[in-house]
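S.K.: Below are the chains, spelled out letter by letter.
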Amino acid sequence: MPGPGRRAGPLGTLRRVKGFRRVMVVVGLAALVGAVARFRGKGGVPPTGGGWRQLEGPELR
Amino acid sequence: MTSVLLVGQGAVGIRAARQIVDTPGVDRLVVAGHGGRAPKPLDSLGPKAEPLVHRLGDPLPDGLGAVAAALPAGVDHPIVTRAVEAGVPVASADDDHGALERLLDLDERARTTGATVVAGCALAPGLAEVLARHAGALLEVVDEVRVARYGAAGPACRAALRSALQGPTTEWRGQRWDQAAARGEEHVWFPEPVTARDCQVVAGGVALLATTFPTANRLSYRCAPMPREPWWKRSEIGEWGAVRVEVWGRRAGVCEVVVYGVIERTAVAAGTVLGVTAALLAGALGPPLVQPGVHGLGVLVEPVPFLLELAERGIRAAVFEGAPVS
Chain A
101 MPGPGRRAGP
111 LGTLRRVKGF
121 RRVMVVVGLA
131 ALVGAVARFR
141 GKGGVPPTGG
151 GWRQLEGPEL
161 R
Chain D
6 MTSVLLVGQG
16 AVGIRAARQI
26 VDTPGVDRLV
36 VAGHGGRAPK
46 PLDSLGPKAE
56 PLVHRLGDPL
66 PDGLGAVAAA
76 LPAGVDHPIV
86 TRAVEAGVPV
96 ASADDDHGAL
106 ERLLDLDERA
116 RTTGATVVAG
126 CALAPGLAEV
136 LARHAGALLE
146 VVDEVRVARY
156 GAAGPACRAA
166 LRSALQGPTT
176 EWRGQRWDQA
186 AARGEEHVWF
196 PEPVTARDCQ
206 VVAGGVALLA
216 TTFPTANRLS
226 YRCAPMPREP
236 WWKRSEIGEW
246 GAVRVEVWGR
256 RAGVCEVVVY
266 GVIERTAVAA
276 GTVLGVTAAL
286 LAGALGPPLV
296 QPGVHGLGVL
306 VEPVPFLLEL
316 AERGIRAAVF
326 EGAPVS
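If you're matching them up, the sequences are chains A and D in order. Heads up: the first sequence begins at 101 in the working numbering, then just goes up one per residue. Heads up: the second sequence begins at 6 in the working numbering, then just goes up one per residue.
Quick caveat, the hints were computed from the structure, so don't treat them as lab data. One or more hints might be untrue.
[Unchecked claim] Computed from the model, here is a short list of chain A residues facing chain D with C-beta under 10 Å: (1) VAL133; (2) ALA135; (3) VAL136; (4) GLY151; (5) TRP152; (6) ARG153; (7) GLN154; (8) PRO158; (9) GLU159; (10) ARG161.
[As the list claims (entries may be wrong)] Simulated restraints on C-beta separations: (11) A:GLN154 to D:ASN222: 28 to 36 Å; (12) A:GLY157 to D:GLY92: 34 to 42 Å; (13) A:GLY157 to D:ARG256: 31 to 39 Å; (14) A:VAL126 to D:PRO160: 38 to 46 Å; (15) A:VAL117 to D:GLU190: 42 to 50 Å.
Fair warning: this is a prediction, and the values are worked out from it, not measured in the lab. Note that CB positions come from ideal geometry on N, CA and C, so glycine has one too.
Work the whole structure out from these sequences, hints included.
M.R.: Structure (C-alpha cells):
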C-alpha cells in the first residue's frame with residue numbers, strides 16, 4: 101500500500117479502473133433506460149380510421 | 006348609427022378590428038390601445054375607424070352599440086365593469102380561468118343593468134362551445150364534452166397558455182367540480198396541419214362549458230403546450246391554432262360521439278369570433294343580441310347562423326368521420 105504522499109501502486113490503479121468501469125456501466129444503463137422511456141413515450145401518431153371533412157350545407161352537417 | 010369600441014391592438018385585436026370594419030352594419034369603430042396608450046395607426050382600417058386614448062377606468066364614449074375587449078389575461082375587468090354599469094353589451098376574449106370566474110361574478114350586476122356580457126370570446130373558449138352545442142343538437146342526451154385546443158394568438162396568449170398549463174386541473178364530473186383531475190397528457194388528433202399533440206387538462210373554459218351543458222356528467226378542457234422553437238428556426242406551425250370538440254351522448258338508446266374541429270391561424274380565428282360577436286351584440290348583423298347577464302358564447306348564439314357567418318369570413322368547421330381516436 102502506498103504511504104501518504106506517495107503515488108498509487110498497481111493495486112490503487114486497479115481500484116480506479118474498476119471504479120471507472122462501474123461508473124461507465126451505470127451511465128450506460130441510465131442512457132439505455134432513458135432511450136427506452138423516450139421512444140416508448142413518443143409512440144408516434146395513434147391510428148385513425150377516418151378523416152376530417154368540412155361542414156357543408158345550410159345546416160352545416 | 007352603430008358604433009363599436011375595441012380595446013386592445015394585439016394579435017387578436019387587430020384581426021377583430023378588421024372583421025368589425027368589414028361588417029356593413031357597423032358605421033364606426035373606435036379603437037383604444039392598451040393601458041392608456043395611443044392606438045397604433047389605423048389607416049389600413051379605412052374611414053370607419055377612429056382612435057381613442059382610453060385608460061382603464063375612464064368613462065366609455067357615448068353612443069356605443071358594443072364593446073370588444075382584446076386585452077392580455079386579467080386586464081379587461083375594469084372595462085367590462087364600466088360597460089356593465091353603463092348597460093352596454095361587451096365581448097371579452099380573455100381565456101384565463103381566474104379572469105373568467107371574475108367576469109362570471111358580474112352576472113347579477115349585468116342582469117340588473119341589462120348588459121349582455123360574453124365571456125371567453127375566442128377560439129376555445131368561445132368557438133369551442135358553439136361547436137359543442139352544434140354537435141350536441143345531433144344527440145338526445147349529452148353525457149360528456151371534451152374540448153382540446155392547440156395554439157396561441159400572440160405573446161400575451163402564450164403567457165396565458167403557460168399559466169393555464171401550470172394552474173389548476175379542474176374538471177366537471179358527476180355534477181360537481183373535480184379539483185384533482187389527472188394532470189397527465191393525452192394524445193389528441195387535430196385537423197391537419199396540426200395533427201396529433203399531447204394535451205394536458207386545464208381549468209379555463211370548463212365553467213363556460215358547464216353553463217352550456219348543465220346536465221352533462223363530464224366536461225373537460227385540454228390544451229397542448231406550444232412547441233419551443235428558437236427564433237432562428239421558428240416554423241409556421243406555431244401560428245396555427247386548432248380546436249377539437251368531442252361530444253359523447255346517446256341517440257335512440259345508442260351511445261354516440263360527434264367530433265367537430267376547426268383549423269385556422271389562432272389570431273385570425275380568435276379575432277374573427279370576437280369581431281363577429283361584437284357586431285352581433287351591436288345589432289350590425291340583424292337584431293341586437295340581448296340576453297342580460299354574463300354568458301359563454303355557447304349559451305348566447307344560435308350555432309348554425311353563427312358558424313355560417315364565420316364560414317363566410319373564412320373560418321370553417323370540420324367533422325371527423327370514422328373511428329374517433331382522441
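S.K.: Hint by hint, say whether it matches the structure.
M.R.: To see whether the hints hold, each was checked on the structure:
Because the beta carbon of A:VAL133 sits about 20 Å from the nearest beta carbon in chain D, more than 10 Å, this interface hint is broken. Because the smallest distance between the Cβ of A:ALA135 and any Cβ of chain D comes to about 19 Å, over 10 Å, the interface hint for this residue is violated. Nearest Cβ of chain D to the Cβ of A:VAL136: about 18 Å, over the 10 Å cut. The hint is violated. The interface hint given for A:GLY151 is met, as the beta carbon of that residue sits about 6 Å from the closest beta carbon of chain D, less than 10 Å.
Contact between A:TRP152 and chain D, as hinted, is supported at the beta carbon level, the nearest pair being about 4 Å apart and thus within 10 Å. Interface restraint check: A:ARG153 against chain D, minimum CB-CB distance 6 Å, threshold 10 Å, status holds. Using the Cβ-Cβ criterion of 10 Å, the hint placing A:GLN154 at the interface with chain D is satisfied: the shortest such distance is roughly 5 Å. The criterion of a C-beta within 10 Å of any C-beta in chain D is met by A:PRO158, whose closest approach is roughly 8 Å, and the hint holds.
Here the hint on A:GLU159 is kept, as its CB sits about 6 Å from the closest CB of chain D, short of 10 Å. Contact between A:ARG161 and chain D, as hinted, is supported at the beta carbon level, the nearest pair being about 8 Å apart and thus within 10 Å. Checked against the hint of 28 to 36 Å, the C-beta distance between A:GLN154 and D:ASN222 comes to roughly 30 Å, which is consistent with it. At about 39 Å, the beta-carbon gap between A:GLY157 and D:GLY92 stays in the expected band of 34 to 42 Å.
For the pair A:GLY157 and D:ARG256, the supplied restraint of 31 to 39 Å is violated, since their beta-carbon distance comes to about 20 Å. For the pair A:VAL126 and D:PRO160, the beta carbons lie near 43 Å from each other, so the given range of 38 to 46 Å is met. Judged by the Cβ atoms, the range 42 to 50 Å given for A:VAL117 and D:GLU190 holds: they are separated by roughly 44 Å.
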